[in-house]
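S.K.: Chain residues, written in single-letter form:
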Amino acid sequence: MPVAFVFSEFGQQVVSGLASGSVYAALALALVIIHRSTGVINFAQGEMAMFATYIAWTLDVNHGFPFWGAFFATLAISFVGGVAIQRAVIAPIQGASVLTIVIVTIGLILVLNGAATWLWTGEVRAFHSPFPTRTVDVGGVAISLQDVGTLAVVVGAVAALWAFFRFTKLGLALRAAAVNPDASRLVGVRVGWMLALGWGLAAMLGAVAGMLTAPTVFLDPQMMQAILIYAFAAAVLGGIDSPIGAIVGGLSLGVGLNLIGTYAEIDVWFVHVNLTAAELRLPIALFVILVVLLVRPAGLFGKPVVKKI
Amino acid sequence: MGRPTSRTVSLGALFLAGCTVVYVLPAFISSFRAQQFAYVGIYLIALIGLNILTGYTGQISLGHGAFMAIGGYTTGILISDQGLQIAGHTFSNDLKDVWTIPIAAVVAGAAGFLFGLPALRLSGLYLALATFAIAVSAPAVLKKFETFTGGGTGINLFGIKGLTGSISGVHVFGHKLDFYDWLYYLSWTIALVLLAVAWLLLRGRIGRAFRAVRDSETAAASSGVSLATYKTLAFAVSAAYAGVAGALYAIANTYVNPDTFPITLSIFLLVGVVVGGLGTLSGLVVGAVLVQFLPLWSQEVSKSPGAPAVVYGVILIAIMLALPGGVAGLLRRVRPLARRLYTRPR
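Protein chains in written order, with this note's numbering: chain A, 64 to 372; chain B, 13 to 358.
Just chain A, with the same shape it has in the complex (with noise of 0.2 Å):
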């Protein structure tokens, strides 16, 4: 049965849409940063924040760390755990074809996978949100505020690091670096370094979005799987270039998701299609790769590539 329309449910579909769209959006520009910057597809960005995650959570349990006080440690963490990885092992497969790095970025997903496992168990764990479960009702609409807190949270993220590639003399360099490497190399910029800068920030980036996300999934290594595909869906819906694109795509797709879960039931001639199973959610986002990448390649907000023989 087609679900009747009702104002509150519809707000709050499209609320948590857009805080479970922020998770993807950040995991979406930490894949565009790494794309522009070295020309990679990271397939471990999604492990990387898992792994990170569990940083998180053993400073957190084991170690008393307060909330913020772990959360910010991890983002250091793992801004410094991205640079090693790609001075240890993307930097010297740098300008190599396109099929060893897919290969090398798959063999650090084993890696962290399984490390994560040795480490910590494949077992659930819970991970406890900085923000409260209960809700505030906004003309009808009931607000959960862990989501709103999700959402400015990858807000702030995304702030901050658009300040730093827009104000400060580093961002410059890095843009500079991602643009035109031979150029900025003459000019003095340590091109190598910036690369493995881009490297770190996408680090946090996704670890932001692995302690946004593990208070509703809970925490295990399979975790993040999932939300790197909507991550990819979202990068590529945007560009695979564009940071706007990556956000513009990952909250779209997130509310997007919401709402075909709850009312894509509809009859189609005779025919009933129903598309609201939660086994669906991964599918219509493999979909929506597809589609892009077949109508408009380049995405919403990418410029056309031309290549010259």
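Hint data in this document are derived by calculation from the structure and do not stem from the laboratory.
Please note: incorrect hints may appear among the correct ones.
What the hints assert, rightly or not - Selected chain B positions facing chain A (in silico; Cβ < 8 Å):
1) 74
2) 148
3) 279
4) 314
5) 317
As the list claims (entries may be wrong) - Some chain A residues well away from chain B (every beta-carbon gap over 12 Å; in silico):
6) 71
7) 79
8) 127
9) 130
10) 139
11) 197
12) 201
13) 218
14) 234
15) 238
16) 243
17) 298
18) 326
19) 349
No residue lacks a Cβ here, since even glycine has one placed at the ideal position from N, Cα and C.
Here the structure of chain A is known, so what remains is to put chain B in place on it, guided by the hints.
M.R.: Coordinates of chain B only, in the frame set by chain A:
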């Protein structure tokens, strides 16, 4: 074709020697080991298929586990007790598992062909991304369509009529084989035949076209190699191999469920191909042995379920950084070295 070259003759001799080893081996090993080696044969089939696509044609697939799932479910549905019902007609029950293997190959091959059509427009990273997404979402799709797939519990095949010898063993040419020996011979016979088929396919015109597409699409297209034809062909052949492997996997497991074909399976297949050597057939047996036995060996290092993945990952990265040709590439490098050691300098 002219007279066979000495290389062809020695390869043929090597192949026959390999066949002999494979066929006498079960006499010396327990049936527990035979079962493990049966899986090696199954992985070998999947690796050959993946290598045709990734190693020879240069099209990355991170989702070959999904094509194996199509093959496995085809076999499972066709021989299961419930039977597949289309328009009131019940298939199966009278179908033997062995005869579903070619059907699985055709179904998976058709799926590969269909996926190959949109994949024509995706190059490099995007293809990797799309196939990765397919592999991750395949279990969810399998759970959703439970009328066909049995949902989360999947399909049990143990002890049913269509599954050869799961309870009482098999009589072949007057020999009585238990289930595991039967599995061993079945998978290795098919693997060796498909290895020979792949070799024949890749040494000629088609193989040359595949390699041309891999090395430079532009150069291939301007030399008159149809990218559309050969890419979709590579997808179809590769998926058909995966389908056969999936069907055998279902038979050997005696069940199929969505967790039989996780994303890690797809990734391990890629590891196997990389270890064996991209674009070669000779090293793939080593890759297949690794896929089967590495999880067991790494239990020696640590009992943690995470240990195999770490070992796999480290091997994968180390090979890509230090030894991009895999085992076959290593042999190719070692051979001239050995020759130099054995011949005295003048």
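S.K.: Does each hint hold? Answer for all of them.
M.R.: Tested hints:
Among the interface hints, the one on residue 74 of chain B holds; its C-beta lies about 7 Å from the nearest C-beta in chain A, closer than the 8 Å criterion. With its C-beta approaching chain A no nearer than about 5 Å, residue 148 of chain B sits inside the 8 Å limit, and its interface hint holds. Given hint, residue 279 of chain B at the interface with chain A, holds; its Cβ is 6 Å from that chain's nearest Cβ, closer than 8 Å. The criterion of a C-beta within 8 Å of any C-beta in chain A is met by residue 314 of chain B, whose closest approach is roughly 7 Å, and the hint holds.
Contact between residue 317 of chain B and chain A, as hinted, is supported at the beta carbon level, the nearest pair being about 6 Å apart and thus within 8 Å. With a minimum CB-CB distance of about 29 Å to chain B, residue 71 of chain A clears the 12 Å threshold, and the non-interface call stands. At roughly 20 Å, the least C-beta separation between residue 79 of chain A and chain B is larger than 12 Å, which holds for a residue marked as non-interface. At the 12 Å boundary, the C-beta of residue 127 of chain A stays outside the reach of chain B, the nearest C-beta of that chain being 26 Å off.
The Cβ of residue 130 of chain A sits about 27 Å from the closest Cβ of chain B, beyond the 12 Å cut-off, so the non-interface label holds. At the 12 Å boundary, the C-beta of residue 139 of chain A stays outside the reach of chain B, the nearest C-beta of that chain being 24 Å off. Every C-beta of chain B lies more than 12 Å from that of residue 197 of chain A, the closest at about 32 Å, which supports listing it as non-interface. Every C-beta of chain B lies more than 12 Å from that of residue 201 of chain A, the closest at about 34 Å, which supports listing it as non-interface.
Once the 12 Å rule is applied to beta carbons, residue 218 of chain A is consistent with being away from chain B; the minimum gap is 27 Å. Separation of residue 234 of chain A from chain B is adequate, the least Cβ-Cβ distance of about 26 Å exceeding the 12 Å criterion. Residue 238 of chain A, annotated as away from the interface, keeps every beta carbon of chain B farther than 12 Å; the closest lies near 22 Å. Consistency note on residue 243 of chain A: stated as away from chain B, and its beta-carbon is indeed over 12 Å from all of that chain's, at 21 Å minimum.
Look at residue 298 of chain A: its CB is around 9 Å from the nearest CB on chain B, not clear of 12 Å, so calling it non-interface is violated. Non-interface status of residue 326 of chain A relative to chain B is upheld: no Cβ of that chain comes within 12 Å, the nearest being about 18 Å off. The claim that residue 349 of chain A lies off the interface is violated: its Cβ sits roughly 4 Å from the closest Cβ of chain B, which falls inside the 12 Å cut-off.
Comparing the model with each earlier hint shows violations of hints 17, 19; every other hint is respected.
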